[in-house]
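K.L.:
Sequences and hints are given; from them, build the entire structure.
Which chain is which? The protein sequence lines are A and B, in order.
According to my numbering, the stretch in the first sequence is residues 1 to 434, in order.
According to my numbering, the stretch in the second sequence is residues 1 to 434, in order.
Same chains, same label: a pair holds when it works inside one copy or across any pair of copies.
Straight line, CA to CA, 27 Å or less: simulated DSSO-like cross-link-like pairs of lysine-lysine:
| no. | residue 1 | residue 2 |
| --- | --- | --- |
| 1 | Lys10 | Lys63 |
| 2 | Lys337 | Lys31 |
| 3 | Lys311 | Lys381 |
| 4 | Lys250 | Lys366 |
| 5 | Lys311 | Lys251 |
| 6 | Lys154 | Lys31 |
| 7 | Lys311 | Lys379 |
| 8 | Lys154 | Lys370 |
| 9 | Lys206 | Lys191 |
| 10 | Lys338 | Lys94 |
| 11 | Lys338 | Lys25 |
| 12 | Lys261 | Lys366 |
| 13 | Lys31 | Lys366 |
| 14 | Lys31 | Lys338 |
| 15 | Lys243 | Lys356 |
| 16 | Lys94 | Lys5 |
| 17 | Lys370 | Lys251 |
| 18 | Lys23 | Lys366 |
| 19 | Lys352 | Lys261 |
| 20 | Lys25 | Lys154 |
| 21 | Lys63 | Lys191 |
| 22 | Lys311 | Lys382 |
| 23 | Lys251 | Lys379 |
If you're looking for bench data, these hints aren't it; they were derived computationally from the structure.
2 protein chains.
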Amino acid sequence: MSNIKARLLKGFRDLLPCDAIIKEKFLSNIKNTFENYGFSPIYTPALEYIDILTGKGGDENEKLMYRFQDNGQRDVGMRYDLTVPLARFVALHKNELNFPFKRYHIAPVWRAENTQKGRYREFYQCDCDIVGSDSVLSDVEIVSLINNTLSNLKIEDFLIKINSRVFVDFLFNIMKLDEEGKKKTAILMDKKDKLPIKVFDDELEKLLNNEQINIINEYFLIDNIDSLQKFMSKLEIIPDELKNEIDKFKKIFEYCLFMNKHLKFDPLIIRGLDYYTGIVFETVLVESPQYGAIFSGGRYDGLVSLFTGEKIPAIGASIGISRLITALEERDFFGEKKNTVSDVIIFNLDEKIQSKYLDIACIFRKENIKTDIYHENAKMKKQFKYAEKNGYRFAVIIGEDENEKNILKLKDLKNFSEKEISLEHAVREILSTF
Amino acid sequence: MSNIKARLLKGFRDLLPCDAIIKEKFLSNIKNTFENYGFSPIYTPALEYIDILTGKGGDENEKLMYRFQDNGQRDVGMRYDLTVPLARFVALHKNELNFPFKRYHIAPVWRAENTQKGRYREFYQCDCDIVGSDSVLSDVEIVSLINNTLSNLKIEDFLIKINSRVFVDFLFNIMKLDEEGKKKTAILMDKKDKLPIKVFDDELEKLLNNEQINIINEYFLIDNIDSLQKFMSKLEIIPDELKNEIDKFKKIFEYCLFMNKHLKFDPLIIRGLDYYTGIVFETVLVESPQYGAIFSGGRYDGLVSLFTGEKIPAIGASIGISRLITALEERDFFGEKKNTVSDVIIFNLDEKIQSKYLDIACIFRKENIKTDIYHENAKMKKQFKYAEKNGYRFAVIIGEDENEKNILKLKDLKNFSEKEISLEHAVREILSTF
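P.N.:
Okay, structure coming up:
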């Protein structure tokens with residue numbers, strides 16, 4: 001017998017039922033919130049022409065792409081995120097779509113990056129975006145959606161940190177940074193929370209002169225939009241674009257008052273220097289900061305125009321579900337894991353009664369009781385062991401005796417109790433635990 | 001502005017919301033039935049080592065794979081189906097799994113094959129498999145699951161055609177076919193329903209001698225298991241393995257009586273000559289035969305052993321969801337399509353009332369009413385046009401007047417009626433249409 005070694009590619013993983021059940025529940029919960037906010041699903045392919053994927057990605061992203069030539073000698077790549085495919089989608093179907101266009105997309109993406117805890121080369125993103133509106137309402141709706149998505153998942157310690165690329169651009173211009181200087185400063189700012197203060201200050205000194213350092217250090221201390229306005233207007237006359245963005249931010253905070261301590265202005269948030277043009281945000285778990293941002297995004301008014309030439313404003317957010325689940329697992333968020341979705345197992349005691357087992361399964365299933373039948377006519381002990389390992393709540397036992405009396409034994413495997421009851425009674429009993 | 005042409009790879013497609021909404025509903029319905037039968041989800045990666053994917057696929061499959069070298073010079077491929085990855089999964093996690101192991105997997109697969117109507121190079125499969133049982137109950141449960149999955153989707157004209165590779169192997173041996181002859185005859189049999197009788201008979205004559213043709217033609221006429229038994233025993237003394245398989249089939253038909261006209265023995269079903277070892281089945285839509293098999297599978301007791309050396313019996317079935325939806329679309333199964341999942345849109349008439357729009361959306365959403373707010377402060381006509389195109393059931397209108405009176409206008413966009421009512425009343429009104 002030829003034997004092929006069963007193995008996984010580095011950075012990839014399987015999910016066994018115990019973990020897949022949790023992920024499915026999470027995804028379904030997220031999907032419900034997205035739809036509750038009026039976002040509709042779309043699908044785009046896993047493979048795209050490589051020039052579309054690399055469009056505005058920059059060298060760094062390009063290196064991390066799974067790319068190859070297909071059988072037709074086309075240069076193709078596996079999608080790296082869901083935002084660039086969305087921009088391509090909007091450009092291609094512009095005349096069929098109804099703007100503002102609100103879509104969600106829950107799907108895997110692939111990045112050939114170094115693996116670390118909670119990071120894999122294949123992972124799921126849950127994205128929601130509004131394309132075709134630059135109204136403050138669309139910013140507010142996206143921020144509010146983040147808040148409610150996480151609340152609906154029963155996560156309480158999240159903090160949405162927001163800033164705007166308009167503020168950062170103004171600051172960098174005041175500081176007279178060139179493109180290279182902007183890029184390096186942005187990368188460093190992104191690391192500020194992770195670096196020791198001394199190291200950060202040393203790095204800053206290498207990049208900036210004293211005057212620049214004074215400005216940026218004062219900027220780092222700002223923690224609300226009024227202080228930001230004061231700080232900015234002290235530096236220079238505030239141009240219209242900046243004024244509008246500050247007004248927008250005031251409205252966002254006014255409309256999002258209900259979010260309370262979950263929303264905070266944070267001058268450090270930049271989200272790289274790629275396609276963002278306005279509001280940017282990152283959401284962290286306050287009690288698990290080591291996992292970084294788990295729900296991020298921002299406004300990118302220039303991305304769609306890469307494919308159409310026409311500027312179409314857009315804003316979106318994306319949850320990294322794998323990282324979020326890893327973070328929550330560490331704090332025992334999910335309790336005892338089950339190896340099956342089933343509520344009940346019907347034991348198989350007598351081949352002559354098999355058709356009855358099938359009938360009962362059929363009746364349970366009609367009542368939306370998820371039901372297994374033990375397939376083999378094995379020893380009771382083996383069947384109990386199987387049931388215990390899978391984690392069913394109930395076992396149904398019908399041997400010759402029970403069959404003749406037209407009753408069944410219903411074992412509650414959680415409370416270790418047992419009843420001899422009618423089928424009808426058993427259905428009610430099981431449903432009462434839902 | 002650099003412009004990249006928005007385009008899709010040949011054989012790939014996007015789904016716009018109107019189609020994605022249908023697909024999501026279908027997938028969720030299928031998932032519910034699979035879980036109702038006690039199948040639990042798993043995840044496996046889109047990419048696997050190529051030797052795993054090609055393991056027992058044969059030349060034909062290998063040509064159709066998306067394969068390449070990754071950055072680490074590993075030979076990898078995108079999964080071609082969900083069955084081979086399952087076999088690899090079972091081999092890898094054998095010690096963590098609880099057998100019989102029942103899993104479902106709903107995910108895309110990729111094949112670089114010629115495109116045709118309803119067939120794409122990326123398509124979704126919905127697979128359910130039972131690994132670790134050769135009991136007749138597992139065969140019955142899979143067949144019953146197919147029946148109920150399609151019934152729950154409100155499809156009525158399906159026919160599950162079943163046969164066994166044990167029967168076909170016996171027949172081919174009686175006919176004294178060599179491996180090449182078996183393969184060619186199997187391929188031809190698979191095409192019998194699609195070829196004109198004359199063409200089929202000519203092809204058969206090229207392959208077989210008169211005696212063989214007489215045997216196989218008689219075999220083709222068999223339409224139930226009793227006739228099959230008679231036919232087989234006329235040819236030769238029935239060996240034990242065949243006897244057991246015939247008994248198994250009798251039980252399957254006995255236990256599946258409730259399926260009535262939806263289940264039929266069909267001597268033509270073979271499903272290629274690759275990994276199947278026992279029962280094989282194909283499900284067709286009686287009124288759309290041109291779409292071929294839409295829910296197929298069988299018993300494959302040898303596949304897992306490719307990776308473990310240890311024989312583990314398995315049976316499974318797979319729906320080709322894209323093809324099924326295409327077939328149903330042709331018969332106008334889905335009615336009028338909607339471009340949004342939302343029930344309600346709140347119009348945006350006055351910037352000063354925006355926070356009220358947000359509050360109302362929040363209240364609706366808490367009641368599980370899927371709610372949109374029109375983001376821009378646009379003309380009524382434009383907002384109505386948007387609402388009409390998206391297909392909401394209700395529009396909520398609050399201008400200065402309504403705001404002062406603390407009421408709202410609820411427009412029923414289906415029945416063209418309008419009411420001035422309180423918010424509380426509106427919630428009840430909308431919920432009453434669910």
